[in-house]
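So the protein lines, in turn, are chains A and B. For the first sequence, my numbering gives the first residue as 1, with consecutive numbering after it. For the second sequence, my numbering gives the first residue as 1001, with consecutive numbering after it.
No lab work stands behind these hints, which were simulated from the structure alone. Keep in mind that the hints are not guaranteed to be accurate.
[Unchecked claim] Simulated crosslink set (DSS-like; lysine-lysine; CA at most 30 Å straight-line):
#1 B/1086 <-> A/27
#2 A/437 <-> A/741
#3 B/1150 <-> A/27
#4 B/1150 <-> A/428
#5 A/27 <-> B/1017
#6 B/1086 <-> A/33
#7 B/1086 <-> B/1133
#8 A/674 <-> B/1160
#9 A/741 <-> B/1086
#10 A/159 <-> A/208
#11 A/208 <-> A/51
#12 A/487 <-> A/345
#13 B/1089 <-> A/428
#14 A/566 <-> A/6
#15 A/674 <-> B/1089
#16 B/1013 <-> A/6
#17 A/487 <-> A/580
#18 A/33 <-> B/1122
#19 B/1129 <-> A/438
#20 B/1007 <-> B/1017
#21 A/741 <-> B/1133
#22 B/1160 <-> B/1133
#23 A/439 <-> B/1017
#24 A/674 <-> B/1133
#25 A/570 <-> A/6
#26 B/1017 <-> A/33
#27 A/646 <-> A/438
#28 B/1089 <-> B/1013
#29 A/811 <-> A/445
#30 A/741 <-> A/445
#31 A/674 <-> A/439
#32 B/1086 <-> B/1122
[What the hints assert, rightly or not] Quick list of simulated restraints, FRET-style, between CB atoms:
#33 B/1011 <-> A/61: 54 to 62 Å
#34 A/796 <-> B/1087: 52 to 60 Å
#35 A/435 <-> B/1036: 57 to 65 Å
#36 A/814 <-> B/1049: 40 to 48 Å
#37 B/1007 <-> A/61: 47 to 55 Å
#38 A/444 <-> B/1086: 30 to 38 Å
#39 B/1157 <-> A/422: 32 to 40 Å
#40 B/1157 <-> A/298: 37 to 45 Å
Note that CB positions come from ideal geometry on N, CA and C, so glycine has one too.
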Amino acid sequence: MSGSDKTWVGQSLSRKEEDRLLRGRGKFVDDIKLREMLYLRFVRSPYAHAKIVSIDTSAAEKIPGVICTLRGSEIASQTQPFIEIAPDPGGRIRDYPLAVSKVRYQGEPVVAVVAESPAIADDGAEAVLIEYEALDPVVDAEQALTDASILHEEAGTNKVWNGVFEYGDVEQAFRDAASIVEIDRMHFHRFSSTPLENNVVIGQWDPKDDHIHYWCNNSFPSFAIQFLAAHLQVHIDRIRVQTFDIGGSFGIKITSYPQMAVCALASKKAGGRPIKWVETRSEHMISSAHGNERTFRDTRVALDNQGVITAITSRHIDDCGAYPRYEPLGCVIWSQVFPGVYRFKNARIDFTQAVTNKCPVGPNRGYSRMQHLWFLERVVDICAHELGIPADEMRLRNYIRPEEFPYTTPNGCIYDSGNYPKMLEMAKQLIDWDGWKKKQADARKRGRMIGIGIGTTLDSGTNNFGQSQIVNPGAPFSGNSQGANCKLDIYGEVVVAVGSCPQGQGHETTAAQVVADVLNINPDLITVRTGFDTERNVHTGFSGTYASQFAVSGLSAVHGAAQKLKAEMKRLAAFVLACKEEDLEFGSGAQGPEVRSKSNGRSINYWGLANIVNVNSAVLSPELHDVTLNCRYVWRAPFKVPDTKKKYGNLTMTYASQLHIAVVEIDGETCIPKILDYVAVDDCGTVINPRIVEGQVYGATAHGIGAALLENCVYDEVGNMLTSTFSDYLPITPVNMPSVKYGHIATPSPHSYSGAKGMGEGGAAPIHTISAALQDALFDKRIFIQDSFNNPDSLFRALRGETCRAKDLVKVERRA
Amino acid sequence: MPDIFEKVAIQLKVNGKTHSLTVEPRMLLVELLREALDLTGTHVGCDTTYCGACTVIMNGAAVKSCTVFAVQADGAEITTVEGLEKDGKLHPIQQAFGDSFGLQCGYCTPGLMLSTLQLLSKNQQPSDKDIRKAIAGNTCRCTGYQNIFKAIQLAAQNTKGA
């Protein structure tokens, strides 16, 4: 491509990852077998809330092939509880990887059994006897806040965190309102975007050098080692974490550090033999992590006489399950998208988080923002309907306008760019909005229930970890960074390592595209290391793959490292070729990739450059002794610490957006909701690789449609999880996934070097969109879509008048 | 407990190669493939025959190898993902999945390709509905299935021409 203006960035290149995965040669952690490896099986609590009366492992330990067992009290005596991110009262919670004196959710691990084979570990686990004394379970967050039955005695309350987010002049806005809409209660359900590959950990605590080595699929290893080092009381440099190909994470694999701790401690007890733990699907469903469940109470919305929202007040109660773990970060992360895509300036959200006797939550795809965005979309649709304004028109009146970017939100976040009206127009065109409106009107006359819904959402990426100080002013985190290394190896190969931990996002490919443009060579000539490894020394404390940020933090780090390498190559080449640096050009020649002088026509290939630095260094002049051709670069996001008192500051660097429209019909007899048409329009700024972006949009769409209609973590009143297998949980299948029409616009971000925005989480647009479409189908029956999850059963109850009656839930006061 | 299990001698042909081995009666076919034969391209995603990550071809039919005991495969002929390529060259189905970007993390891909193999062995011009039905037992959590549908259409075209 020498001499051409074409860049590798922006092309739909096939991925470097493809070949090995297609041949069945991907390397997933369960594919790894180590010498002397043992297998671990957990014995888990059948109770949601109970005291542990006694544990008897003697029968298990007698089984030939069982090496040892491990229980919570042993762990508590040799470790520190995990770090709590919360201040008091949440900060007083003592969290260990095995239950110590009581269990707090069904599926909580109580005993670990270690054996020579997985089957013997199973036999051992079955032989463990545990006596429990049942305690009152609490499965509802609002009920939990009454503290009638307390999960963590040391905290003294089930409340983890509370804070009020107030901006503008709320009281004045309500005094001036032309109308006020009140909504009693809405609920965002608990689900998991659950990856197909379960958690897998191989852990070894090697007594020879007292190092801990993990082969695992944790998706935020830098976070995991910080928790593990403090818990296990070891030097953080002695913990090595390696990941390989990972079969999806969607945030769920961030919180596997408790199981990682158990594997290390079990290895220590077993004399340093490596321990493999392979989670079963049922274990994954009951005890890995679920997304945050949230209830929205006493919502009041002030509107002017044009239907423009001027203020919102509400109480939000978040349910984090039995242990906060990554929480209470979700108590602030939603505020990255405080006003959603809307212009209102005045708001007061009283936010509380509670523990309940359910599986702990984790940062599930769309983490904490999707709940809030769903809430706002519901508010907008309900207000529009009550005021007689069409849903599309209502949005146009309330959207942040294209000319207002960069836009500062009431809480100080800076939305980099966007064009929501244009996305709406494109989506309407793709789905034939007017055509469907006509069909809908005709169908309604015949008694059919068809709804058309819009969901506008944001996918905020590259966090300012300073937001942790809004939940805990003592938290030692702020900013964001990522590391990368770019080198010419001894024979001149270009090798890139980056501190991300991909799970199908194609980082090897996009990183190569970026480096290929810097060096003006073909991406096929660039090797990007697979997976994550602390011993590559490229990670920072934020390294991992989460929160829609690789295109910004990861590729900025790769770009910086490649620039650094290029600068060194220039200095070296100018010396070797006896010319000025300005005279050099990069490209490929007969001897492979090279640097050549435009002034004297001489050139040197990468092998020649690497040779001088690595194995022929006597020819180097002393002023070039700092050249290593092995360049580590740490990219840092330009954030400030937020004002923790006012809860004000920029919390995220980029704001990708998606706008979806769905047409949904509810069958009059079976109440089965069926998607008749679906459109997704995406804007993630400048696109690095269009096919990867499009693939992420489809994937997030399937997760959202699944969550809206099929996937729900259901608990009964005593805390039994009723959806602990795929056959009960119903992950969306090829049969119930509709065909999706795809559209794309690009509003380049002024905040990233390339104009790209992080994307991938998708902001759960389908959940908002399908709720909107169902609501549209049911408005004239005065049924109010109160929940983010709707299946034939819940729709049947609503249609029978048992639930969701608008007259009980929505009130409108008109003043003007 | 474990002593009561007598190991059973079985013989089976996997990707054209015959293997004789003794297995515990409780061993699943997927465990045999992954652990005894080290064919780790076949994956496990659930325990309830839902996800299809473990799909292999057994005696010409796509089966979920997590729901077949190894002893039931005695005398069987099995094809796993490792058996799709010929002399290093990708099978048209593998090629089509790659060209259509029908995979992301790649964990479900082997199972999906083998379900596709079964479909195309019986129906070389599958409709959209035929495709959805053929892979109804294969769960993918990354792609939203859109590019998988395209990949299977493309594979059908390529196989027909081949």
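Right, here's what the structure says about each hint:
{"no.": "1", "hint": "B/1086 <-> A/27", "verdict": "21 Å, holds"}
{"no.": "2", "hint": "A/437 <-> A/741", "verdict": "18 Å, holds"}
{"no.": "3", "hint": "B/1150 <-> A/27", "verdict": "26 Å, holds"}
{"no.": "4", "hint": "B/1150 <-> A/428", "verdict": "25 Å, holds"}
{"no.": "5", "hint": "A/27 <-> B/1017", "verdict": "23 Å, holds"}
{"no.": "6", "hint": "B/1086 <-> A/33", "verdict": "27 Å, holds"}
{"no.": "7", "hint": "B/1086 <-> B/1133", "verdict": "28 Å, holds"}
{"no.": "8", "hint": "A/674 <-> B/1160", "verdict": "34 Å, violated"}
{"no.": "9", "hint": "A/741 <-> B/1086", "verdict": "36 Å, violated"}
{"no.": "10", "hint": "A/159 <-> A/208", "verdict": "44 Å, violated"}
{"no.": "11", "hint": "A/208 <-> A/51", "verdict": "39 Å, violated"}
{"no.": "12", "hint": "A/487 <-> A/345", "verdict": "49 Å, violated"}
{"no.": "13", "hint": "B/1089 <-> A/428", "verdict": "44 Å, violated"}
{"no.": "14", "hint": "A/566 <-> A/6", "verdict": "19 Å, holds"}
{"no.": "15", "hint": "A/674 <-> B/1089", "verdict": "42 Å, violated"}
{"no.": "16", "hint": "B/1013 <-> A/6", "verdict": "51 Å, violated"}
{"no.": "17", "hint": "A/487 <-> A/580", "verdict": "23 Å, holds"}
{"no.": "18", "hint": "A/33 <-> B/1122", "verdict": "38 Å, violated"}
{"no.": "19", "hint": "B/1129 <-> A/438", "verdict": "28 Å, holds"}
{"no.": "20", "hint": "B/1007 <-> B/1017", "verdict": "22 Å, holds"}
{"no.": "21", "hint": "A/741 <-> B/1133", "verdict": "21 Å, holds"}
{"no.": "22", "hint": "B/1160 <-> B/1133", "verdict": "20 Å, holds"}
{"no.": "23", "hint": "A/439 <-> B/1017", "verdict": "59 Å, violated"}
{"no.": "24", "hint": "A/674 <-> B/1133", "verdict": "17 Å, holds"}
{"no.": "25", "hint": "A/570 <-> A/6", "verdict": "22 Å, holds"}
{"no.": "26", "hint": "B/1017 <-> A/33", "verdict": "23 Å, holds"}
{"no.": "27", "hint": "A/646 <-> A/438", "verdict": "49 Å, violated"}
{"no.": "28", "hint": "B/1089 <-> B/1013", "verdict": "22 Å, holds"}
{"no.": "29", "hint": "A/811 <-> A/445", "verdict": "28 Å, holds"}
{"no.": "30", "hint": "A/741 <-> A/445", "verdict": "28 Å, holds"}
{"no.": "31", "hint": "A/674 <-> A/439", "verdict": "15 Å, holds"}
{"no.": "32", "hint": "B/1086 <-> B/1122", "verdict": "21 Å, holds"}
{"no.": "33", "hint": "B/1011 <-> A/61: 54 to 62 Å", "verdict": "37 Å, violated"}
{"no.": "34", "hint": "A/796 <-> B/1087: 52 to 60 Å", "verdict": "57 Å, holds"}
{"no.": "35", "hint": "A/435 <-> B/1036: 57 to 65 Å", "verdict": "58 Å, holds"}
{"no.": "36", "hint": "A/814 <-> B/1049: 40 to 48 Å", "verdict": "57 Å, violated"}
{"no.": "37", "hint": "B/1007 <-> A/61: 47 to 55 Å", "verdict": "25 Å, violated"}
{"no.": "38", "hint": "A/444 <-> B/1086: 30 to 38 Å", "verdict": "57 Å, violated"}
{"no.": "39", "hint": "B/1157 <-> A/422: 32 to 40 Å", "verdict": "36 Å, holds"}
{"no.": "40", "hint": "B/1157 <-> A/298: 37 to 45 Å", "verdict": "58 Å, violated"}
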